[in-house]
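Take my numbering: the last position of the sequence shown gets the number 472, and nothing is skipped along the way.
FYI, nobody ran anything at the bench for these hints, they're computed from the structure. Treat the hints loosely; a few may be bogus.
[What the hints assert, rightly or not] In the DSBU-like style, the derived pairs of lysine-lysine whose C-alpha atoms are separated by at most 30 Å in a straight line are:
#1 Lys-320 with Lys-185
#2 Lys-320 with Lys-120
#3 Lys-213 with Lys-131
#4 Lys-223 with Lys-244
#5 Lys-320 with Lys-338
#6 Lys-343 with Lys-120
#7 Lys-383 with Lys-328
#8 Lys-382 with Lys-350
#9 Lys-178 with Lys-120
#10 Lys-328 with Lys-338
#11 Lys-383 with Lys-350
#12 Lys-178 with Lys-343
#13 Lys-350 with Lys-338
[What the hints assert, rightly or not] Derived DEER-like restraints, expressed as beta-carbon distance ranges:
#14 His-419 with Glu-282: 48 to 58 Å
#15 His-121 with Asn-344: 27 to 37 Å
#16 Val-405 with Lys-131: 50 to 60 Å
#17 Ser-260 with Glu-459: 52 to 62 Å
#18 Ile-423 with Asn-150: 51 to 61 Å
#19 Leu-298 with His-403: 34 to 44 Å
#20 Ala-315 with Val-407: 24 to 34 Å
#21 Arg-72 with Asp-460: 25 to 35 Å
Just so it is clear, CB atoms sit at the ideal spot from N, CA and C, and this is done for glycine as well.
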Amino acid sequence: MNNSILPIIMAGGSGSRLWPMSRTQHPKQFLPLINNTSMLQDTISRLEGLTHLPVSLICNEEHRFLAAEQLRSHSFEHSGIILEPFGRNTAPAVALAAFRAIEGDQDPVLLVLAADHLIKHDNIFRATVDKAIPLAEAGKLVTFGIVPSNPETGYGYIRRGNKLPGHDAYSVDAFVEKPELSVAKQYLNDGCYYWNSGMFMFKASRYLEELEKFRPDILDAVKSAYSGAYNDLDFIRLDEEAFKKCPDESIDYAVMERTSDAIVCPLDAGWSDVGAWSSLWEVSEQDEQRNVIRGDVLVDDSQRCYINSSSRLVAAVGVKDLVIVDTKDAVLVAHRDKVQDVKNIVSNLKAEGRTEFQHHRDVYRPWGMHDHVADGERYHVKKVVVKPGGKTATQIHHHRAEHWVVVSGTARVYNGNDHYLVIENESTFIPVGAPHSFENPGVVPLELIEVRTGSYLQEDDVVRVDEGGEGY
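Let's have the full structure, built from the sequences with the hints guiding it.
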């Protein structure tokens, strides 16, 4: 075992292929798609049994509270959450982590992982990582190639070269783009091709050396952005203007396809990038009719379907090969062979100015969450949950009043110049123009119903008085 491994988990991205579960503001890495924990949490848990430094997480600015809460809720130790103000692909992201890793004259081996991959056999994954450590420590740039199980056309491939003496590893002969089906079948029969997993291992200094050699423009932009970085609670914020100038490039194109020190280690551990609903159907537990059922679902005379309900009873009768996904505000029905086209629906939602591509009804904040329940011409109803110790920002509304009814827990309410407690089954009224906020002083979650009334109920009717919390 080696205690200088630093796991780098890339939790950026806001893919649309798993809509309506995955949304721009709540993408798949933060969703419990396989079990009751999110894919990010599964990725970190997978490291148990490897001796390593606290993980370093890289995510988008807009996902910072989701990421922090998912780490906190499972008591995962971490060395900071690097926030990308703009997505610039994997080469700059890992360079940021590498600059942070070498601070204090350290030079750990970076284990670069995506937060949204499934690996069924964690023990095989850990054993393969252990075997690759000496290669990374010797200055090699290791990638993990997935042993293919079928002629997949949705992945890039790695063609192996000569075997390294004494290691279950090979030199990289070439990185190959996603093939046509006939070519993919040739790759499978050849036995010298692996799926490109997007997982890597190398010393922090070696990655920066190779990046300087092949893409000094990326290195300079990242170095400049990181030199202006500062800590904000759990987060590491960058110099936004400097990072904005950074080219958008993957590790593969920037370094791995150019370096002479690329090594591929075969990995046969039940890996999937869960890139579509059909992939999730394939890797999930199936019943006797090969249906995957999650949530409140009844099926009759139906085969090979993926049905997921999060908010109500879904019944399917006499259907085959369908994907049916129900959320509080959207329902997807698609043929399993057409799920790659779900992105077209997302594009249409964007073009029509709708919000269902962007966020769920449930909206998460650092103090808790709120759920849009109902609205009409002059009213808007939300359910609000505040975690223990959570507090909203103080704010003023010019066009609406608010009624708060405490369902469970205790609220400390700040209303104008007054502050007081509101307990279960009690309510309070916030008039137009009154500075107000609320917090949970207790040790159990506070749940309340908020009813807005007035002539204008939109979210932009707010004046922030302080930054003591995060508003709606």
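Evaluated hints:
no.: 1; hint: Lys-320 with Lys-185; verdict: 27 Å, holds
no.: 2; hint: Lys-320 with Lys-120; verdict: 26 Å, holds
no.: 3; hint: Lys-213 with Lys-131; verdict: 28 Å, holds
no.: 4; hint: Lys-223 with Lys-244; verdict: 12 Å, holds
no.: 5; hint: Lys-320 with Lys-338; verdict: 13 Å, holds
no.: 6; hint: Lys-343 with Lys-120; verdict: 27 Å, holds
no.: 7; hint: Lys-383 with Lys-328; verdict: 14 Å, holds
no.: 8; hint: Lys-382 with Lys-350; verdict: 25 Å, holds
no.: 9; hint: Lys-178 with Lys-120; verdict: 24 Å, holds
no.: 10; hint: Lys-328 with Lys-338; verdict: 23 Å, holds
no.: 11; hint: Lys-383 with Lys-350; verdict: 27 Å, holds
no.: 12; hint: Lys-178 with Lys-343; verdict: 19 Å, holds
no.: 13; hint: Lys-350 with Lys-338; verdict: 20 Å, holds
no.: 14; hint: His-419 with Glu-282: 48 to 58 Å; verdict: 55 Å, holds
no.: 15; hint: His-121 with Asn-344: 27 to 37 Å; verdict: 35 Å, holds
no.: 16; hint: Val-405 with Lys-131: 50 to 60 Å; verdict: 59 Å, holds
no.: 17; hint: Ser-260 with Glu-459: 52 to 62 Å; verdict: 54 Å, holds
no.: 18; hint: Ile-423 with Asn-150: 51 to 61 Å; verdict: 59 Å, holds
no.: 19; hint: Leu-298 with His-403: 34 to 44 Å; verdict: 38 Å, holds
no.: 20; hint: Ala-315 with Val-407: 24 to 34 Å; verdict: 31 Å, holds
no.: 21; hint: Arg-72 with Asp-460: 25 to 35 Å; verdict: 30 Å, holds
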